Amino acid sequence: MGRNKSDLIVFVGKRLLQLLPVVLGVIVITFFFTHVAVQNPCAVWAGAHATADQVQACILRFGLNRPLTDQFWRYLTTLLSGDWGANPRGGVPVLLSISSAFPATLELVLASLFIMTVIGIPLGVVAANGAGRWADHLVRVFYLSGWATPTYLGAVVLAIAVGPAIGLPTKGDFTTKPPFYGPTHMSVLDALWALDFPAVGDALLHLVLPASALALLNLGIATRMTRTSMLEVLPLDFVKTARMKGLSDFVVLYKHALRNSLISTVTILGITAGVLLSGTVVIETIFQWPGIGAYAYDAITGYNFPGTIAVVIVFAVAVVISNLLSDVLYGILDPRVEWR
Amino acid sequence: MVEPVLDVQDLSVEYEAGAGTFHALTGVSVRLDPGRVVGIVGETGSGKSTLAHAIPRLLPEPPARIVSGKISFRGVDVLDLPKWKLPLLRGTGIGMIFQEPINSLNPAYRIFDQVAEAVAVRKLRDAGESPTLFPAPEPHDYSKGMVVKSGEALLHPIATKLPGRRRRARREALMQDVLDYLRLVRINDPETILDLYPHELSGGMRQRIMIAMALSAKPSLLIADEPTSALDITIQAQVLTLMKELMEEVQTSILFISHDLGIIAEMADEVGVLYAGHLVEFGPVEEVFANPRHPYTKLLLRSVPAQYKDDGPLPALSGSVPSLANVPPGCPFHPRCPLMRDACKTNPGPLLEPVKGISARTHLSACYYSDEVARKA
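Taken in sequence, the protein lines are chains S and L. Residue numbers for the first sequence, in my numbering: 1 to 340. Residue numbers for the second sequence, in my numbering: 1 to 377.
Please note: incorrect hints may appear among the correct ones.
[What the hints assert, rightly or not] Taking beta-carbon pairs under 8 Å as the criterion, some of the chain L residues facing chain S (in silico): (1) Pro56; (2) Glu100; (3) Ala118.
[Stated by the list, open to error] Computed list of lysine-lysine pairs in BS3-like fashion (alpha-carbon distance at most 30 Å, straight line): (4) Lys244/L / Lys298/L; (5) Lys345/L / Lys255/S; (6) Lys255/S / Lys85/L; (7) Lys298/L / Lys345/L; (8) Lys85/L / Lys70/L.
Because the hints were derived from the structure by calculation, they are not lab data. Small disclaimer: the values here were computed from a predicted structure and weren't measured. Each residue gets a CB set at the ideal place from its N, CA and C atoms; glycine is no exception.
Generate the whole structure from the sequences, applying the supplied hints.
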C-alpha cells in the first residue's frame, strides 16, 4: 500500500486534460448565445450617433453579414493563435484587460476564502461542540442570516451603511492609485513588492469590505459543513483515544476531530469557489473593484463579445482548477485516498 | 488497609433518550486496589461500557447523566472535577483501551505522531511543564523499576524542556521512548511502522499500538473496554497473552471489561458481574466462578459451552435481558430467577452484602438467598 508521487502527477494531468472539452464547450455556448441573442450589435459598436453607412461599415468590418459558423470558425482560429480579440468599442485588447482584472479578482476571492476559513470553520467547530445548546443556535442564526441575505443587498448595506459608519473604504483597491508598477496586479502583493508599506495597509483596508461581503454569503456553507462532519467525527473512538491521552479539549477538537472533518469541508469550499467567482460580478460592481467581475458586467452590458467569451473561459478554467485543488487537498488531508 | 486506586460508590447513570429514561447503571460500587486486575463481566446492554466510560468522565453529557454516586480516583473526587481539569485526570491518571482498533487510532496521522503525543503528555507533566493533578512519584506508579525483558530501562531521562516546537527536534526527543513502548508490546521492528498510517496495519497491530499508547502515559489505572472482542480468535489469543505478560511487567491497576467469562477468569483477580445496570456479584475470581452466589452468575456460568459436558442440550438462560428503559421493580433478575419469591418482586435486594454461609468477607452478592444459590438453582 501507500501512494506514489507519480500517481498524483498522472491524476493532475488527467484532470487538466479534461479542461479542453470544458473550455471548448463554454466557448461554443457563449459564442452562439451572444451572437444570436443580439440582433445588430453594430448599432451599439458604431456609437449612438452613427450614420447608416457607418453601421454598414461596422457590419462588414466584423464580418457580421457572414454565416454564423464562419464567424465562429474565424473567432476560434484567432483565439487558438493567441489573439483573444479586442473590445469592438474602443479596441482595447481583451487579454490586456483580463490579465490585470483576473488577479484583482483572485485576490478578492482568496481574501474571502481566507475569511470563510478562519471564521467559518471555527464557528462550525464551536457549534458542533455545543450542539443543541446556545452557542450552536447563536452560530446558526449568524450564518443563516448571512446566507439568506442576497449578495447585492448585503454588499450594498456594507458599502453604504457599515463602511462609512466604521470608516472603512468602500471604493476601489487604493485611495489614490500608487505610482509603482505592479507585476502581479494584486493590490496587496504589488504594494509589498514595491516595499510601500503605507500602501499595503491601504490596500488591505480596501479589501476588508468587499471580501467580507463575498464571504458573508458563503460563510454558512463552511460553517454548516464543518458542523455536520464534526458531529459525525466526535463520537468516534479515536476522538475518545485523544481525550484519554490527556489532551486538552482544544487539541482534541482542532487537531484530532477537525483534521478529519476538514476532508468534506474542503470539498465544499472547492465547489464554492465557482459561486464566489459569480458573486464577484455584483460585489465588484458595487465596490468598484477593478476585477474580472466588474469587467464581465461591462462586457455583457456593452455587447463586448470577445470580452464576454474570455470571461466565461477564465471562469470555467478557474472553477475546474479550484475543484482540482480541492481534490488534491482532499488526498493530502486523508491518507486513505488513492489518486485515481 | 491499602488506599484503593479507584473507589466507585453507588454510581447511577441514566441516559435521556426520545423513548424515555434508560437506567444504564444503578447503584454500582467497585473498588480497585493498587496493582490488582478487576474484571467486569456482563451481557450486551448490562452497562459495562457505561461504567468504563463514566470513570474517566468520557460519557457524553447529555444524553448521559450521572444521577448519584461517588467516583474517587487516587483520592480525587472525579465527579467534582471541573470540565477543564478532566484532561489532567486522563492519560497519566487513567488510560483506556477501546474495543475497535479499527476506529481507535486517528486515520489522518502517522503511528509515530500518535504514540509520541501520548509520550509527550507524560514527559511534559513529569517535567512540570504542564499542570498535573497527580505528582509523578507515587507508591503504585510503575514508572520506577519498570524494566523491559531485554533489561533495557524504559524510562529515559526526562528532557527538562522538549526542544522547541520544531518537528525534527521533537521527533528526535521522543523517538527513543516511542520505539521502547512499541517494543514493549512485542512489535519487533518498530522502526518500519513509524511512518505508516493506521489503515496500513492489521487489527492486532493497531491494538498493540493502542496498548503501547495507553501504557506510555504510565497511568495508575488502565481501563480495557473489551480490548479483544473485535479481533479474530488467533489475534485475540496473541493480544491476551501480551496483556497477561504486560500485567506482570508493568504493575498497573486494570479494570478489564468483557462479556467473555473465560477471558475474565484468565485475566482478573476479582470479578464483578453486571446485570441490567446492577452489580449483582463481586468477589475473587476463583471464588466467584467456582462458587457463584447469585442465581444470575450461576446460570451464566452454566451456559458457557466450554463447561458443557455432553449430557443433553446446552442449558441457556431463559428469557432475555430487560430493556434498560424498563428495568423490573425489585430485584432486576426476578422474572428469570428460579429462586424467585414474592418479596423479590418489590424488594430490590441487598446492595452487595457478604455472602452468607462462607467465611470470605470479600465475596459479595446482591441476593438475599445467596446461601440457597449454592444448593439449588
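Quiz item: Holds or violated: are the alpha carbons of Lys298/L and Lys345/L at most 30 Å from each other?
Solution: holds (20 Å)
Quiz item: Does the alpha-carbon distance linking Lys85/L and Lys70/L stay inside the 30 Å limit?
Solution: holds (17 Å)
Quiz item: Between Lys244/L and Lys298/L, does the CA-CA distance stay at or below 30 Å?
Solution: Within the cut-off at roughly 26 Å; holds.
Quiz prompt | Agreement of Lys255/S and Lys85/L with the hint, judged by alpha carbon distance not exceeding 30 Å | solution = Cα-Cα ~19 Å, so holds.
Quiz item: Do the numbers back the hint for Glu100/L, that is, is its least Cβ distance to chain S under 8 Å?
Solution: holds (6 Å)
Exercise. Quickly compare the C-alpha distance for Lys345/L and Lys255/S to 30 Å and report which way the hint goes.
Key: violated (52 Å)
Quiz prompt | Status of the Ala118/L interface restraint (C-beta, 8 Å, chain S) | solution = holds (5 Å)
Self-check item: Given hint Pro56/L near chain S, where the shortest CB pair must fall under 8 Å
Solution: With a closest approach of 6 Å, the Pro56/L hint holds.
Figure legend: structure checked against the earlier numbered hints; the only hint not met is number 5.
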